[in-house]
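Asker: Below are the chains, spelled out letter by letter.
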Amino acid sequence: MSNYFYILWIPLLPLATFVILGLFGRKYLSAIAGLLGTASLFSSTVLSFVAANQYFFVDGKVNGVFQKIVAFKFTWLEFSPNVSIDLGMIIDPISVMMLVVVTSVSLMVHVFSLGYMKGEERFATYYAFLSLFTFSMLGLILSSNIFQVYMFWELVGVSSFLLISYYFNKPSAVAASKKAFIVTRFADLGFLIGILILGFYGGTLDIGLLIERFTSVNSAQYISITGASFLGASMLTWGLTLLFIGGAGKSAMFPLHIWLPDAMEGPTPVSALIHAATMVVAGVYLVARMFPIFSMDEAALHIVTYVGAASALFAAVIACTQTDIKRVLAYSTMSQIGYMMFALGISKNGGEQGLGYMASMFHLFTHAFFKSLLFLGAGAVIHMVHSNEMKDMGGLRKLMPITHIAFLIACLAIAGIPPFAGFFSKEEILTAAFHENKIIYGIALFTAALTSFYMFRLYFNIFWSKEAPAANHAQADHGQEAHASHGEGPWVMKLPLLILAACAVGVGFVPFSQLVTSDGKALETHIDIVFSIAPVVLSVLAILLAARFYKNQNGRSDKMAAAFGGLYTAAYKKFYVDEVYIFITKKIVFPFIGQPIAWADRNIVDGFMLLLAKITAKISESIKGLQSGKVQNYALYFFGGVAALSILFIYIWK
Amino acid sequence: MNMQEIPLTQILFVSTALFFIGMYGLFTRRNLITMLMSIELMLNSVNINFIAFNKYLFPDKLDGLFFTLFIITIAAAEAAVAIAIIINLYRSHNSIDVEDATEMKY
Amino acid sequence: MNISSILFYAISALILGAGILAVTSVKIFRAAIWLLFSLVGIAALYFWMQVEFIAAIQIVVYVGGIVVLIIFSIFLTQNSGKEMVKPAIGKVIFSALAALLGTAFVYNLIVHYEGFKYISAKPFNSNVEEIGTQMLSTTSYGFILPFEAVSMLLLAAMVGCIVIAMRPNNEVETNTINKTENN
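Chains as they are written, first to last, in the numbering used here: chain A, 101 to 754; chain B, 7 to 112; chain C, 436 to 618.
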């Protein structure tokens, strides 16, 4: 049980906040709802920092290896002595790291929302949902039983649904939330089947036991799962692939990515929290958690790698053409998660070859900070301009100085310019890719260049290209109010930007390879200057290209778009993936699968029940004449019965 | 003195036949008062039974006799109540035909 | 074949014949009178069986009370001269068959029962003094409790008859009187 038991409070505090705000917030607590949510999350953040300090620097290490500690275990539902759904809490390097990430980003979002969502009628409900999401994500991170992961997985999906459709009066928001929920739910079917396969062959649902049983080549479970095969692939491959499909749905990998751009209908702080830093990395986290098992199966790792790389490239190309700033950031998220996925895919378990794992987790860590900073900055911009489209922005650097600097720092970080955080993590990924698979390295390099290009396209379009839509524009909208700082938002909106900018700068210097690796032992890494010149140079070139096109308004970008012609149109239309989905569902699934099943349900199943009822009614109609109301008939029946019984008893049944 | 000549079974035959005659009347008659008359016949057949058993099988006790006494009493009370009901029914239906009182029909 | 046997057969014939006529006669008054004859026949049978007390009670209560009551009710409820409706022929046949089969069945059982062959030799003392002592005694073979219960029953029956047969006008009148008094 150990002295890590206090970690249980980290998810429970947001849960308590959710319950209190959910039940009483709207009526009684709406004035202090935001402060209450923020305060409880602040305590969780402090606790997670204390836990991280204790684990990483005080007593997590035993003989130089970070231990996996099961701090808490409670058997909830026992199917058989071996298979049970426990509720447990596992403390190991990645879960502690994720605790820090989730709580800090969530805290920043809470503080930012105090300003952004001020004046909303359902303010308390918003904070209740945010707390629910934080609780679910924290529960997911700490789960020690794979079914518990699934439970929290679904809870996270529900919180995302609630938050995307926060503005439920907008039909587009409602449609987007339904799309998100249905797509992720569809992927979760794969996840569930994967859990069942692994649980069946492994004989347990506990993650630690599963890893133990499947990673030793001689164990009975490993032999049985690799021995059984289905359509040519071993059951281990099937189980892991299906598990990955669940992760791919939640992490918006191609082709289950369609929900992420639409999920931007939710309020921007929600996008910052859920669809940038925390929920969408749940898929990566799942693969990392089950990584020892993944590393036993080449085929599953290949699938992870190629899906990740394809998503990274695909999203980067689309992001170059989008005009809605939140959509650009959404595709950017998809691309970066693709990076994390293929970094995991090319990694092996243990030692030097576990570099990919460490790089992926490092990138997850840094990405959370600068992506949420990008989203919050975009939120500040949207708050001022009241529009999401790039054409309504331009030249805002004079009106929003702090946001400008923060946004610039985040863009530099994501482009991988030293000494910002993104440089270090991307560097590690590229190194791992170079050593393992040159093709993936090539794709990664090209995508890095594209990343810099579209991020700075975004930056220049927002802050430079035109002259500021003069200050009178902002004042005209808000008439009498002479808010000196209205343009940029109150200090509660600036403070998180500043803190996150500081993190985006400093977090690269965390000695990550000493702390989080695939097998718990510290990994020696060094920055190879020669090697890292190539990506940095490419990024700088891309930035200059973007500056040339977008810094001032000129026709060069349009000529470029015309030159690409069909490719540009396809990318602008997001490569028609949504249209393909609509075609499949409307033309194939609905008429050939949905309608026959509905017909069978209505006519056969319901019909059978109705038939039973009709038969009963007919029988009762035919015998109701016996109750004729005539006493003599009743007397006759009585006599008949007595006679029959007496003959029966006296002569037949002695 | 008459017990040797007339065995018990012959008296029982009389009572059985009377009972089933009463039952025939109960099934056949449509007038409520004639149904009551049939019921009285059935009760009387039971009385004959009791007295016969008492006299032939258990002459040292008088149980059968007392039962008969009580049955006569109760039959009288029952006939009175039945007549009251018939009169009440006559008022609401204006007929005492048992086929006209079928409100308990389905 | 002594006189008592002939007497018995004659009385039985009267009982059964009058009974059959009572249930099949189409005129209601005639049916009532045939019932009367049947009941008198049964009283004669009791006299023949030397239970005179019961015979007397039979005549007083049944013939003098119940048959009179039946005749009164015939007067109260219908024209006694009309002929009654005959029942459906199917019902007649079915009931006749049921009755005959029932008689045969029960008589068969009676004839084959061993217990009825034994006739006890003890004398049958049924004089009124004995009856009275036993009815009101509280020791064994005493019938005081049923006696009291039957008296309660008779009281209840009397009250019930009056209530059931009461004219509804009285109730309506009392209700309206009550209402006007309250207003």
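These aren't lab readings, by the way, just hints derived from the structure by calculation. Honestly, I wouldn't trust all of these hints.
[What the hints assert, rightly or not] Facing chain C, according to a computed beta carbon distance under 10 Å, are these residues of chain A, among others: (1) 671; (2) 732; (3) 736; (4) 739; (5) 743; (6) 746; (7) 748; (8) 750.
C-beta atoms are modelled at their ideal positions from N, C-alpha and C, and glycine is treated no differently.
Asker: All hints are to be evaluated individually against the structure, with a verdict given for each.
Answerer: Hints versus structure:
no.	hint	verdict
1	671	violated (93 Å)
2	732	holds (8 Å)
3	736	holds (8 Å)
4	739	holds (6 Å)
5	743	holds (7 Å)
6	746	holds (7 Å)
7	748	violated (12 Å)
8	750	holds (7 Å)
Violated hints, in rising order: 1, 7; the structure is consistent with all others.
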